[in-house]
Amino acid sequence: MNNAIRHTWVVAVGLFITLFVALSIIQVGVTDELNANPNNVRQVYEDRGAPRGAITVDGSAIAESVPSDNASFDYQRVYHEPDLYSGITGTYSIAANPTGLEGTLNEYLSGHSDSQFFDRIASVFTGDTMDGGQVELTLDGELQQLAYDQIPDGTRGSIIVTEVATGDIKAMASKPSYNNNRLAVQDSAQLVQNQEELEADPDLRYTSRAISSTMAPGSTFKLVDLVAMLESGDYEPDTVLENPNSITLPESSTELRNFDRGICAQRPQAELSWIVAQSCNTPFAEAAMELGEDPIREAAENFGFNSDDLGIPLRVDTSNFPQDLSDAALAQSSIGQFDVTSTPLQMNMVAAAIANGGTLMKPNLVDAIRGSDLQLLEASEPETLSEVTSEEVADEITEMMVQVVESGTGTRAQTGSFQVAAKTGTADVGDTGEVNSWITGFAPAEDPQYAVTVAYERIDYDTGSSLTGPQMLTMLEAAIE
Amino acid sequence: MNAAAQQAYKPRRNLELLLLLIALTVAIGSQMLVAFALDEPITTDYYIEGAVFAGLVLTFHVVLRLRAKYADPFILPIVVTLNGLGIAMIHRLDFTPSFSGVADRQLLWTGVSIVAAMVLMWLLKDHRRLRQLTYISLAASVVLLFLPIVPGLGQELNGARIWVNLGPLSFQPSEIAKITLAVFFAGFLANNRDLILLAGRKFGPVTFPRLRDLAPMFIAWVIAIGVLVVQNDLGNALMFFGLFVAVIYVATSRFSWIAIGAVFMLIGAALAYQFVNHFRDRVDIWLNAFDQDIYERTFGGSYQVVQGLFGMAHGGLVGTGLGSGNPNMISLANSDMIIAAFGEELGLIGLSAMLLLYLLLFSRYMRAGLGTRDTFGKLLAVGLAVVLVLQVFVVVGGITRVIPMTGLATPFLAAGGSALLANWLIVALVLLISHSARQPVIVGPMVNATGESSFGTESRLQHSGGPGARESAVHRHSANRHHAEEPTRLNHAPADQHTPADQGGTK
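Chains A and B, in that order, give the protein sequences.
Following UniProt numbering, the residues of the first sequence are numbered contiguously, the last one being 481.
Following UniProt numbering, the residues of the second sequence are numbered contiguously, the last one being 507.
These aren't lab readings, by the way, just hints derived from the structure by calculation.
We put the CB at the ideal spot given by N, CA and C, even for glycine.
A portion of the hints provided could be inaccurate.
As the list claims (entries may be wrong) - Simulated coverage check for chain B against chain A, where a stretch passes if three residues somewhere in it have a Cβ under 8 Å from a Cβ of chain A:
hint, region
1, 12-23
2, 54-62
3, 308-314
4, 357-366
5, 369-381
6, 428-440
Model the full assembly from the supplied sequences, consistent with the hints where possible.
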């Protein structure tokens, strides 16, 4: 009998060994697989309820994680001044992948980047919750507020201010904006409802229009033409060009006209700087056809067109300058129509590169990333994106842009305190009667510090032009002072 | 059990006291850890509850000193550790809305169970007295098992009709039936062992007992399984089956019983798969837990088992720490699935440690069976040990997908008063058996004919030959103390004498 008892014991030990093996498989062997299972909300809760690092502007948090009341999540993401920043921060939501900087810098904010490896190890041993890294933005809170306040409600506009020497973005505001706290709610039913309400506005964009709205840049694109023209050596600012009121494009019946309400019609022939100041179209179309597509596209690409993602580190939509153009299409493209599209940021880069003596700095939103104990993980260094043109050509274009403000289409951006250099643009949007209204420029002209771009999409002409110039000036004044 | 080993036995109550203090530290400490982890204030309740728990446990220790001072010193500390951890986890889950308000009840039941176990020890004094209750136990088992089917009394919960409502209290009578059935099996086999062993018929290498010798037991067992299947209590059905096979194997030492049992189990499983929807669902879930259709099925889906796996995987090797996981996301986290909750928060390391405690506890139960000198005590201890080990295996195996999941309470851990009470009563019985196994034998004048000392094991005595010697060894204590067992003993005698030659084959 005792032997039978011993055998029974051995059988029971066998059962337990089976259990140990099974547990080891579950808890060590296939852990990754189980954690990655789409049905495993636990991992979602773990990640979604984790204390992420803050995103800060001027040292105060615009996005931070606070302890949550929700039973399933330990922390709740909270956005301060959401309308001002939602297009930049994006949202950390329970239901979807994080957007905006929350998405692109997720590694750091969640504390999972390689540079935070030792923090993670330490947190295992100390038992502390691993806090994510803190992201400090280059934005200037006051400028951002000013930019946002200037854009009238109900319009689709954006304003960008960058520092020309570094590429740092000081302000990047757009409307319509939204309250991203509504997407950060930790109740999926509530989330769905909020999402529906937000998306009822057809103009809503979750990312800033400054980087996601690609639209015809109109005459602001002539700055790119100017680089190609002046670099070719065939043109000088005082070169006199033919300025017919309209030309018929080759191999088509399309007429390309100077702008109706401009004063180009006054002079059938004019020097280039006057033509730039008044933003006449026909001389640029002729010059483009003469130069051919390549030099213009090359200049455009140097400025950042056709570049997949600028990664500032936010994803920036691609601004486009098409290839293999017919002469007619090239002529239209040269005045920022046809298939040429640009984000407001892209046109800001054009102005900034000219302001910076032809050197394009990589635009950048992130000043520094710090670990959970605030040690510096990464500090942004100004980075040259490309040498767009020579300092000489840049200076010549700057001169002409000053003319635009002093006596041309940009007189609304004039001020007594410093010289402003700018280029306006108006692009028809199909036959809607609405236009895209642009201005991009910088100041002070003799020692450029900030580049400002104001862009409105689908706005009536008068409203647009009454907004862009004065708003650029306000931003420049605020930035420089 | 030879003389040398016997003489080494000491009461070891001081060792027990030391271990109990450690166990209480773990139990009350984990309770406090929960509060720290969840940022809950440590109120005076913690001290009162801790003190009451410690007081009860130490009282039990005193009862052991007075009534069973040679009882195994490891059993009580292990049980206290497990029970304390269970309360801590239930308490931890109390802080989540869906599980709140259970810990106090569990604590109350723990108190009731400990007191009941002490009372049982105090009144029973000697486990051998239960042998008189063999057939009363049978009757009690049948009544207990049938209770949930009685209309108006029984209650169906989560698809299994295993509950009895007594006013505000609900009770799971099958938990107590574990004990009464184990008593019946042990008593019946102890009484009829020789008949079963010797009057069998040989088919090839396998000796089958005559059916009429086994009939009462077989019938009891069939009824038990039948009732449990009707009630959808598949975990208990499996457990009673294992209990039956194990005690009969130990009683006869014939491995063929295990083989027969395995065959029967396979047949039973096949039949159940054919005719019991509930069981077919469980097998489905077991095999295809990650199938999306089965996962999303409203009733009888794999959601629970898959969530348990997620929880354990989330805990990984070291666990999230007590209070820092999300065990509340698993349904029935504080009862059937409490192992998954521990797996999440204590990790593989913590859960393995708990399983080792179970294995150790089981080993101590078996040790009591090995050591005790009476057949009834051996069979009862083994039966109760098998009940313990099967409960753990069925629960943990179900949660880890080793076997299909069936609902059973994890001994001492899971929320549930009846299970707690039953397991504590089992502890009391095993402590009594271990006391009788380890207490020094007073070597009196009854030295047997061969000159061997009278506390040798049966098998050795069987070798030594004389039936008289065997009688005196096995039944000396009971004969001295409990005259009521005499008739049983006399019944054995003829069978023993019929076929002395067969005895070598019975060991």
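So, going through the hints one by one against the coordinates:
1. For the region 12-23 of chain B, the stated coverage by chain A is not satisfied: 0 residues place a CB nearer than 8 Å to a CB of that chain, which falls below the threshold of 3.
2. Only when three residues or more bring their CB closer than 8 Å to a CB of chain A does the claim for the region 54-62 of chain B stand; here the count is 0, and the claim is violated.
3. Counting residues of the region 308-314 of chain B whose C-beta sits closer than 8 Å to any C-beta of chain A gives 6, which meets the bar of three, so the coverage hint holds.
4. A count of 5 residues in the region 357-366 of chain B with a Cβ less than 8 Å from any Cβ of chain A is obtained; the coverage claim is therefore met, three being the minimum.
5. Counting residues of the region 369-381 of chain B whose beta carbon lies closer than 8 Å to any beta carbon of chain A gives 4, which meets the minimum of three for the stated coverage.
6. Figure legend: the region 428-440 of chain B, annotated as covered by chain A; annotation inconsistent (0 residues with Cβ-Cβ distances under 8 Å, at least 3 required).
In terms of the numbered hints stated before, the structure departs from hints 1, 2, 6, listed from lowest to highest.
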